[in-house]
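These protein sequence lines map, in sequence, to chains D and B.
Counting along the first sequence from 1, when you hit position 8 you're at 8 in my numbering, and nothing is skipped either side.
Counting along the second sequence from 1, when you hit position 218 you're at 1218 in my numbering, and nothing is skipped either side.
It is possible that part of the hints are untrue.
One-sided excerpt, in silico: chain D residues whose CB lies under 7 Å from chain B [as the list claims (entries may be wrong)]:
1. L213
2. L215
3. V220
4. H253
Distance ranges between label pairs, derived from CB positions [to be verified]:
5. R247/D - G1215/B: 17 to 25 Å
6. P258/D - E1013/B: 51 to 59 Å
7. A1011/B - P258/D: 37 to 45 Å
8. G216/D - S1131/B: 30 to 38 Å
9. V261/D - K1070/B: 21 to 29 Å
10. G72/D - K1070/B: 49 to 57 Å
11. D1128/B - T112/D: 56 to 64 Å
Because the hints were derived from the structure by calculation, they are not lab data.
Even for Gly, the Cβ is constructed at its ideal location relative to N, Cα and C.
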Amino acid sequence: MSLRPETPIDIAADVRRAATGQSMTTSGTSMMSDLSIDEELNLHAIGWEPVELVSGLSVFSTPAGMWNWGQGEITGATEAHGLAFKNALARIHQEAANAGGHGVVGVHIERTVHSSHIEVSLLGTAVRPVGSARIDMNHVFVSDLSARDFALLMVAGWEPLGLANGASFVYAPRRSVGAVFQQQTQNVELTNFTAAMYSARESAMQRMQESALALGGTGVVEVKVVEGPMRFAAHAIGFASWGTVVRLSASSHQLVRPTAVVSLNDATVTFEAATLA
Amino acid sequence: MSDVTNDLPQATEHRLEELEKGLFTSDLSVNEFLLVKEAGFHPVGFVMGSSIYHTGIQTRKWNQSQELTKLTEAMYNARELAMTRMEEEAAELGADGVVGVRLDVNYYEWGKDAAEFIAVGTAVKAEDGVSRRNAKGKPFTSDLSGQDFWTLAQTGYQPQGLVMGTCVYHIAHRGLGQTLGTTGQNVELPNFTQALYEARELAMTRMQDEANELGASGIVGVRLEEKSHQWGSHTIEFLALGTAVTKTSDEVTLTKPVTIISLDN
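Construct all of the structure, not just a fragment, from the sequences and the given hints.
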């Protein structure tokens, strides 16, 4: 499909400016982004421009020795995860607002869970409608959609509102020696493990949904889930999910009729220095 | 919703109720989301089913090729549990189907015979209000991506269900005599060939049986996976997976593809 702007854009000039890193409108200040040239053009096609590379980071400590024994939810870990995410988000909002952005796209989300701390780091490019004024940090949206996806979503009449996230950590039950022995040769579902997995997942998804509703969204797209035991704690199950909250901003969904294409490109041949020897 | 009682946990019911109020969640990419809308469907929720399952033990004879029915049963049973739970969630949401279904098996440190079988996908509902459920009155399931789903819809086909067939097979070892007898020669190893053939045929046939039950006219996107899981090199699971489809309309609305040379690399 094609993104047709109201006014034709000077592609050659845009490429030149993008390649030299010159800001399009704010003269004198330099612009930095991790967008590819294609993505920049996509943004310009819908009348947006990149402003600055922004980040938010938070490391939250977790109480020592809580990972392996217990029952139900590991509230310490769940809280730490939630707060780390919240703080990192608040910082990236602040940075984006300071840079004059109206939103952040292409956010890389890195979250690592260690036995002593939980780290969340966000890095993305602040964007704004070309030449628009600063807005309050609370109105800035943060999204892990790529600039291309962002442009596509806007064309279809939807707008991103922010990142929804939710996580839950629970203790996985242990089977008694008797049960292990008895089940040795049987095909059986391990219902208590299944139940633990379900409870972690339900709490996490529920929290994600609540944060989406709090942002006033009607949907969450590109939901990512990470689940399973941690390397350092085999008897704890973690479940985390996040995605971009969206809302229909136009009066109705705009159909974007795709065109079927057959690419005539060959498979890409990469250059290998080793073959030169 | 449906007359069958389901065994979903309370927390799930609660989460699904919230989804019924209008919020949708989905793991579809933006492209897929827009294509699903284009095909006349709206995502209603990210659905998932999982089961942590302990597989039993079956003795196998060193020099005999055979199906290990107990293990086959376990693989079937566990996947069915996960799939059924996912379908129940979709039914609870009033969905017509589930697209982009992924089936995974994860092994954790809880014991080497315990594995998690998981099925996830995005439940969708037709926007014109006409039910698209399958012959069994359940939401259709399909492992097709949003792109494939749209393309299929343009050619008048509709997915009926994700069908699978599995067979866990033990392939006999060769005796010392046989090994020595073929050293230095170019020969086919008939016992291996035959065992692999038979196992694959069993898996494929079972998949076709499932499609027939749904009254499907074909299966698209079939994948055949061969995995040894945790059983050692001579015991292999053959898993055939595909989406059963039926033709619902003769109208082909897919435009003729345009050939392009992309300037991306």
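Structure-based check of all given hints:
1. L213: Nearest chain B Cβ about 6 Å off; hint holds.
2. L215: Status violated, d = 10 Å.
3. V220: 4 Å, holds
4. H253: 6 Å, holds
5. R247/D - G1215/B: 17 to 25 Å: 40 Å, violated
6. P258/D - E1013/B: 51 to 59 Å: 37 Å, violated
7. A1011/B - P258/D: 37 to 45 Å: 38 Å, holds
8. G216/D - S1131/B: 30 to 38 Å: Holds: the Cβ-Cβ distance is about 31 Å, inside 30 to 38 Å.
9. V261/D - K1070/B: 21 to 29 Å: 49 Å, violated
10. G72/D - K1070/B: 49 to 57 Å: Since G72/D and K1070/B have Cβ atoms about 35 Å apart, the given range 49 to 57 Å is violated.
11. D1128/B - T112/D: 56 to 64 Å: Violated - the Cβ-Cβ distance for D1128/B and T112/D, about 46 Å, lies outside 56 to 64 Å.
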